[in-house]
Amino acid sequence: MSNPIPPPSSSWHAPPELMARYLGRTADPATIASIEAHLFECAECRAALAASAAGGASETATVADPTWAAIVDALDQPRRGYVERATAALGVPAHLARLVAATPALRWSWLVAIAVVSAFVALVSETTSGAGPEVTFLVLAPLVPLAGIAVAYGPGADPLSEIAAAAPFPAFRLFCLRAGAVLVTSVTLLALAAPFIDSGLLAAAWVLPALAVVSVAMALSTWLPAPIAAAAAALGWLVTVATVTGAALRMTSTSRLDAVLATFAPPGQLVALVALLVALFVLVRRAPGLELAPSTNFSEVSL
Amino acid sequence: MTEVGDVELLALVADGDRAALRRLYERHSPWLVARLDHRCSDRQVVAEVVQDTFVAVWRSAKRYDGRGEVAAWIWGIGIRQLIGHLRKRHPEPMLVVDAHGAEVSAEERVLAGVDHGPLAGALNGLSPELRAVVQATVLDGLTTREASRLLGIPQGTVKTRMARARVELRGALA
Numbered sequence: 001m002s003n004p005i006p007p008p009s010s011s012w013h014a015p016p017e018l019m020a021r022y023l024g025r026t027a028d029p030a031t032i033a034s035i036e037a038h039l040f041e042c043a044e045c046r047a048a049l050a051a052s053a054a055g056g057a058s059e060t061a062t063v064a065d066p067t068w069a070a071i072v073d074a075l076d077q078p079r080r081g082y083v084e085r086a087t088a089a090l091g092v093p094a095h096l097a098r099l100v101a102a103t104p105a106l107r108w109s110w111l112v113a114i115a116v117v118s119a120f121v122a123l124v125s126e127t128t129s130g131a132g133p134e135v136t137f138l139v140l141a142p143l144v145p146l147a148g149i150a151v152a153y154g155p156g157a158d159p160l161s162e163i164a165a166a167a168p169f170p171a172f173r174l175f176c177l178r179a180g181a182v183l184v185t186s187v188t189l190l191a192l193a194a195p196f197i198d199s200g201l202l203a204a205a206w207v208l209p210a211l212a213v214v215s216v217a218m219a220l221s222t223w224l225p226a227p228i229a230a231a232a233a234a235l236g237w238l239v240t241v242a243t244v245t246g247a248a249l250r251m252t253s254t255s256r257l258d259a260v261l262a263t264f265a266p267p268g269q270l271v272a273l274v275a276l277l278v279a280l281f282v283l284v285r286r287a288p289g290l291e292l293a294p295s296t297n298f299s300e301v302s303l
Numbered sequence: 001m002t003e004v005g006d007v008e009l010l011a012l013v014a015d016g017d018r019a020a021l022r023r024l025y026e027r028h029s030p031w032l033v034a035r036l037d038h039r040c041s042d043r044q045v046v047a048e049v050v051q052d053t054f055v056a057v058w059r060s061a062k063r064y065d066g067r068g069e070v071a072a073w074i075w076g077i078g079i080r081q082l083i084g085h086l087r088k089r090h091p092e093p094m095l096v097v098d099a100h101g102a103e104v105s106a107e108e109r110v111l112a113g114v115d116h117g118p119l120a121g122a123l124n125g126l127s128p129e130l131r132a133v134v135q136a137t138v139l140d141g142l143t144t145r146e147a148s149r150l151l152g153i154p155q156g157t158v159k160t161r162m163a164r165a166r167v168e169l170r171g172a173l174a
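Note that the protein sequences, when read in sequence, are chains V and R.
Letter 77 of the first sequence, counting from 1, is numbered 77 in my numbering, and no numbers are missing.
Letter 61 of the second sequence, counting from 1, is numbered 61 in my numbering, and no numbers are missing.
Simulated from the structure, these hints should not be mistaken for lab results.
Treat the hints with care, since some could be wrong.
[Stated by the list, open to error] Some residues of chain R that are not near chain V, with every Cβ distance over 10 Å (derived):
#, residue
1, L10
2, V33
3, Q51
4, G66
5, N124
6, Q135
7, R145
8, T157
9, K159
10, M162
11, E168
12, L173
[What the hints assert, rightly or not] Partial pick of chain R residues on the chain V-facing surface, computed with a CB cut under 7 Å:
#, residue
13, P30
14, A34
15, R35
16, V45
17, A47
18, F54
19, V55
20, W58
21, A71
22, A120
23, L123
24, R131
25, L139
On a predicted model such as this, the values are computed, not experimentally measured, just so you know.
No residue lacks a Cβ here, since even glycine has one placed at the ideal position from N, Cα and C.
I would like the entire structure built from these sequences, with the hints used as guidance.
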């Protein structure tokens, strides 16, 4: 073509009359196409369009712009994190997913607790000689979900606890929900780790005791603050193991390791099952309308 | 003008500067609204699309590669937000540019940059259906799939209409 294409910085600008027709949607398609192409390149015409579209309305109109208000609103909204999205993708309703994931501080506290205890369990199992590894794993595994629950919720750990207390959502249901989330996560992690520790049936022997310890902790937490309840349950578990081991050593002349394993023998599993059922019964009985036991309030520190 | 450039503003937005986003919004939302108005007759939807576009600008400002006009980059986000919105609501037949048989003035010829007289005539002479497809694919740079969502017609139809439009344009320009 003979006509040179004007450079972007050309001095040509869309005449006001043409701009008005574009804004009024009365321009023909070719004009629309050319104006739109020109607007990409020309800041002056964009400004002219803005002035013309505002129709003389001044700054005050843009300050109260509802679209801008909506944008700011959207920016202030916390984005759904991937834990929350993954939880929601598993079919958990969105509001429950948010309750479970709550805040990053909260979520990380128990994820880290589980990771630390798991690592500790793995480390100790690894460094113990002989038949030690699986024994260590078995004894410590039930403490993993417990650690998560202990640091997960309640005043002190939960920056949301004040809000949660005021929310029209049963406090106890919330606690069970979150404890459930911790339990699912930690049991999954342990189940993944178990085959590496032991190849036999023992790899599953920790499951029932772990569930029992956790449910006892939860039952206790209807009277005590969650961290104390968890500590009490952990202590109870360790004392039980020690007692059973001691008794086994006195009665038979087995090795010390085998004595520890006595806790996980069928009678021990049965006791764990009974403890689990009793704890669940207590939970259900004390559940309706129950508020969690209060504890020293240092929640301001946690944020 | 001694104003801060769009590229600099976008860099500030990438660093989390809301005032910079506000400036970008003031500069670019008017034409974005006008342009979307030509592609969607529902004011409410246009407002939502503008809102989502600037939220997306805020979140993806880092991904602007510094090449091309910022306005064109924003439009790329905006038109795709519009498509997303139209998919959510049952895609209604789009109201696309309605020509009122306005006379082609001298300014308009110049406006197109090149001597586009015959092209303008050819474009204006297309039926609204064919023109909508040309607008979506050629002028807005959408893929066949995106155009089919925008216009609420099957992809196959987009292709056949594009082919027909090509034949007609070629005929008109010959």
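* **Hints that the structure is at odds with (numbers, increasing)** => 2, 3, 5, 6, 16
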